[in-house]
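Just need the whole structure built from these sequences, with the hints factored in.
So the protein lines, in turn, are chains A, B and C.
One point on numbering: in the numbering used here, the residue at position 112 of the first sequence is 112, and numbering is uninterrupted.
One point on numbering: in the numbering used here, the residue at position 61 of the second sequence is 61, and numbering is uninterrupted.
One point on numbering: in the numbering used here, the residue at position 122 of the third sequence is 122, and numbering is uninterrupted.
Honestly, I wouldn't trust all of these hints.
With the C-beta cut set under 10 Å, the calculated list includes, among others, these residues of chain A facing chain B [stated by the list, open to error]: (1) F112; (2) G136; (3) S210.
DEER-style ranges, computed between Cβ atoms [what the hints assert, rightly or not]: (4) A:P91 x B:T29: 37 to 43 Å; (5) C:G163 x B:G71: 52 to 58 Å; (6) A:V63 x B:D99: 45 to 51 Å; (7) C:W93 x A:P91: 22 to 28 Å; (8) C:A35 x B:P143: 42 to 48 Å.
These aren't lab readings, by the way, just hints derived from the structure by calculation.
All C-beta atoms, glycine included, are put in the ideal place defined by N, C-alpha and C.
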Amino acid sequence: MRFFLELALSGLAVGAVYGLVAMGFAVIYKATGLVNFAQGELTMIIAYIAWTIQTNLTGNVAVVTVGALGAALLLGLAIERVVMRPMLGEPVFATVMVTIALAVILRSSINFIWDAYPHGLDLGVGRSVVRAGAVGIRTGQIAVVATLLAMLAGFTLFFRYSRFGIAMRAVAADDRTALLMGVSTGRVHAAAWAASAVISGIAGIFFAVSYDLSPTMFQLGLKSFPATILGGLDAVIGSGLGGVIIGVAENLAGGYLGSGTKEVAGFVLIIVILMVRPFGLFGQRDIERV
Amino acid sequence: MRNTLAAAALACAAGTMSFGALAAEQGVTDTEILLGSVIPLTGPPALLGVAHTTGVKVAIAEANNAGGVKGRKLRLVMDDDGYVSARTLQSTRKLIDVDKVFAIPGHSGSGQVVAAMPVLEKSGIPTIASVGPVKAIYDPPRPNVFAVGSSYEDGIRALVRYLGDRNPGKTWGIITQDDDYGVAVRDGFDTVQKEKKLNVVLSATYKRGQQDFSSEMARLKESGAEVFLAGGIISENIAMVKEMEKLSIKPVTGIFWPGRVEAILKLMGPASDGLYAVDYVEPFGSPAGQAFMEKAKPLVSEAEFKGINRYTMAGYAGARVLIEAIKRCGRELTWACTNAEMARTKDLETGVMAPIGFGPNSRFTDSRLQIMQADFATLSYKPVQ
Amino acid sequence: MRSGTFKETYPELIALTDSRLVWFWGAVLAIALAAAPYLVNAYLLSLLTAILITVTGVLGLNILTGYTGLISLGHVGFLVTGAYGYAVVSGRWGLPPLLGFAASGSVAALLSLVVGAPSLRLRGLYLAITTLAFAFIVSHLIIEAAPLTNGARGITVERPSFGGLSFASDQAFAHLCLAIAILTLFGTLNLRRSRIGRAFVAIRDNDIAARAMGVNLHAYKLLAFTTSAFVTGIAGALYGIYLSYVSVEGFPFLLSIEALAILIVGGLGSPLGAILGTIFVTLLPELTRSALAMFGSEAEALFSTGAQELKSILYGVVIILFLRFEPRGLVGIWHDIRRLWVHWPLRF
Chain A
1 MRFFLELALS
11 GLAVGAVYGL
21 VAMGFAVIYK
31 ATGLVNFAQG
41 ELTMIIAYIA
51 WTIQTNLTGN
61 VAVVTVGALG
71 AALLLGLAIE
81 RVVMRPMLGE
91 PVFATVMVTI
101 ALAVILRSSI
111 NFIWDAYPHG
121 LDLGVGRSVV
131 RAGAVGIRTG
141 QIAVVATLLA
151 MLAGFTLFFR
161 YSRFGIAMRA
171 VAADDRTALL
181 MGVSTGRVHA
191 AAWAASAVIS
201 GIAGIFFAVS
211 YDLSPTMFQL
221 GLKSFPATIL
231 GGLDAVIGSG
241 LGGVIIGVAE
251 NLAGGYLGSG
261 TKEVAGFVLI
271 IVILMVRPFG
281 LFGQRDIERV
Chain B
1 MRNTLAAAAL
11 ACAAGTMSFG
21 ALAAEQGVTD
31 TEILLGSVIP
41 LTGPPALLGV
51 AHTTGVKVAI
61 AEANNAGGVK
71 GRKLRLVMDD
81 DGYVSARTLQ
91 STRKLIDVDK
101 VFAIPGHSGS
111 GQVVAAMPVL
121 EKSGIPTIAS
131 VGPVKAIYDP
141 PRPNVFAVGS
151 SYEDGIRALV
161 RYLGDRNPGK
171 TWGIITQDDD
181 YGVAVRDGFD
191 TVQKEKKLNV
201 VLSATYKRGQ
211 QDFSSEMARL
221 KESGAEVFLA
231 GGIISENIAM
241 VKEMEKLSIK
251 PVTGIFWPGR
261 VEAILKLMGP
271 ASDGLYAVDY
281 VEPFGSPAGQ
291 AFMEKAKPLV
301 SEAEFKGINR
311 YTMAGYAGAR
321 VLIEAIKRCG
331 RELTWACTNA
341 EMARTKDLET
351 GVMAPIGFGP
361 NSRFTDSRLQ
371 IMQADFATLS
381 YKPVQ
Chain C
1 MRSGTFKETY
11 PELIALTDSR
21 LVWFWGAVLA
31 IALAAAPYLV
41 NAYLLSLLTA
51 ILITVTGVLG
61 LNILTGYTGL
71 ISLGHVGFLV
81 TGAYGYAVVS
91 GRWGLPPLLG
101 FAASGSVAAL
111 LSLVVGAPSL
121 RLRGLYLAIT
131 TLAFAFIVSH
141 LIIEAAPLTN
151 GARGITVERP
161 SFGGLSFASD
171 QAFAHLCLAI
181 AILTLFGTLN
191 LRRSRIGRAF
201 VAIRDNDIAA
211 RAMGVNLHAY
221 KLLAFTTSAF
231 VTGIAGALYG
241 IYLSYVSVEG
251 FPFLLSIEAL
261 AILIVGGLGS
271 PLGAILGTIF
281 VTLLPELTRS
291 ALAMFGSEAE
301 ALFSTGAQEL
311 KSILYGVVII
321 LFLRFEPRGL
331 VGIWHDIRRL
341 WVHWPLRF
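Here's what the structure looks like:
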């Protein structure tokens, strides 16, 4: 029982990180209809920015978080404006390739700006271990699960009640009609990129606190990808939940079946889901009119 | 007419032959000897590649400050292969045919040298392989490829034997990576396991690049292993040790030299204290290690100095072997001479590892191994008796 | 002087080219390439061989992505299968190299049926995602199937010799790659001219309309998948021989992306584009290297501490710039130059 709990708990913690990154994927997909293959790299860059603030300025958790997320916001806006906006109206293939190229650039900039050594993001919090019975968990891991829940609730309310959330849904449903209705598609896209970068940034900071920074951190994007497929590419809330499911399932598989299968389990899941329910658990089936 | 042609051809051939004997080999001028390394300088493997290159630079700067080799200064060109075999192959050819370097004082990782071996062997260029010496590099011995270090299998055997002798009758756990490095670690472990009848309660592999080791470590805890061989490289070992701390288990843990860099101790935190490691180069916590740092400090840039790790020593030792051989060849510098002189290396003191020597049929130093232990207070490794 | 291009019959319309001059210069180029291995140094020869192998692989991907409009991020999976197909059959089992080549193509093609058949319901992004997942699963399976593939240890591959010819020397191997690249080039050009090729393009342009015109979507998509995988598998075998050592690590996921980048830079859907793109992308590191070398020794000091990454950054930037400013790729630029040449000083 303790073994199961340990697996499930740490699965929940890492799953929450996957969930946040997956939400980042979904926000962009929902607003712009494209998969951002640079999501993992974005996550990594924000974590490195947080680390830079921590080592050069202050280790105060509030300052680091606000600074890094502010940088994330600007980075998201800049990417949208400089790289993605000019690609509006181009085929999906072209825009997706742009995000892949962006991923290559961001990945290389880690060694260019920082170095190849792993680093610890020490914010003074989140590292101590809380024990309940025989089971231990780090406070940072509890916090990430709580953050995910808060984000899920926040986004649900946002999409349902806020004016801008409704505008985003309108653009996702039909951007031309939305445009005719007076919704500024460009502004929605910009907001989506900024929001996605911030969500990824949160995931990145939590991940760095619990697991350290390294130039291979971008693989978080690949690991979270199955989550957003499971939840549905256009389902922000679903993607967040998908992350938790993947995290727990993966850890249980690793614990009971052996770890070789753990890393590909997500990819097998992607294929299975896409065969059975291509629009994900919570996504919407899209119908094309000729 | 035909006779004239034949005579001309003969004269030409004789000319090139005598010319070949007089003129120096490629990459050698009256004032300079050009050396070139193929090494990963980008992406995560740059961690080892940059440090290794720093070691080569230390050796070169040392020789140049002493007036060069018989009046010739040494110069290094680097070619980045990103740890991708196809690029290693290209880079090796480029160094030999375009940059026309005289020798290769440092060649990329284990699989990469194996991939480039046909090119190296065919060209005959003096080459030092000091990043990842594996059997395929030195067995069968090639006239011009010299492996400096100890084999992965031997290293693991030494570590496991030591830990086994210190902890008789204890249960074991081992986790390795799913590539050729992991296979080498496992092979080494398996021989000792059979020999000493170790009781292995957990044996697992992980996929290269994995970051979350919670399920593996939960299994380790569940298995109750008392001695643990962490077969990760850098970030994997950090993740494993931190996870063990979280699960509040503290088996006797051993790590292997590819991951034995000082920087990880700080990241692992106090949990790293007492970690066992094995290596053939000196730990920086030893007097020899300190002496090397002192020597390197004025010779390299600040950024390079900060990036120094065990690969720097490996690179330095390898480059020293080459430079000493070049010295012995004197002004008449050829590949044949350098290769022959390198093979004649005996008891070369580099200060960073056991004396280096090759034999007529040995292209592998098979250096003496040392068991060492991490000391968290000073963030260094210290040799154990 | 030709005043324009007038096609009067269908055969004329689908002919490979209507100009003798093109044939002539094509032949000159082929002869030059055949002679090149004896004239250039070993490094250039190795670059040339790499370009020829990459051209073969990219032409394979072009069938799927360029002609049929199905995006695959998993072609490295077929490449590695092909390499292993060859390495296992002719390296480990010691069977004749020709069988090895046959195996490399057909194993990849078979595998493409496994991944292709269920993926046909998916289009665009979703297909890209399944193929991406597929690439990771394949490399995992290869490591797991150690009794067959030697697992993580990899397999050493010898240069082949068959039909009384030995391809052991670098020159001979380059010739083999050249022959296969030319064969593939003509194969894909001819495929494009046939009913099958036109069906592929119809699917790319609008699959629902194509279906209404009587194109069997499933059959043709699957055919595109299989042909593409077969060619890529052959390229994989060549790549394995070129490396002389086949292991999963030699085939990083980045190769898939590189292949797509080549198609984009060259010009999607055009075999000429695939060739131009390959040359450009393969030589890009060389170009940046020489550009950086001009800055001299100050730049050199920078190199040791991370500036090497500039090359990768530049690589990404070039892709973005092409997508943004010249979506038709190098082949588009080539067409513009040609037009300018004919019509100058008029603009059109």
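Quick rundown of the hints versus the structure:
no. : hint                       : in the structure
1   : F112                       : holds, 9 Å
2   : G136                       : holds, 5 Å
3   : S210                       : holds, 8 Å
4   : A:P91 x B:T29: 37 to 43 Å  : violated, 55 Å
5   : C:G163 x B:G71: 52 to 58 Å : holds, 55 Å
6   : A:V63 x B:D99: 45 to 51 Å  : holds, 49 Å
7   : C:W93 x A:P91: 22 to 28 Å  : violated, 45 Å
8   : C:A35 x B:P143: 42 to 48 Å : violated, 33 Å
In the structure shown, a violation is registered for the earlier hints numbered 4, 7, 8, in ascending order.
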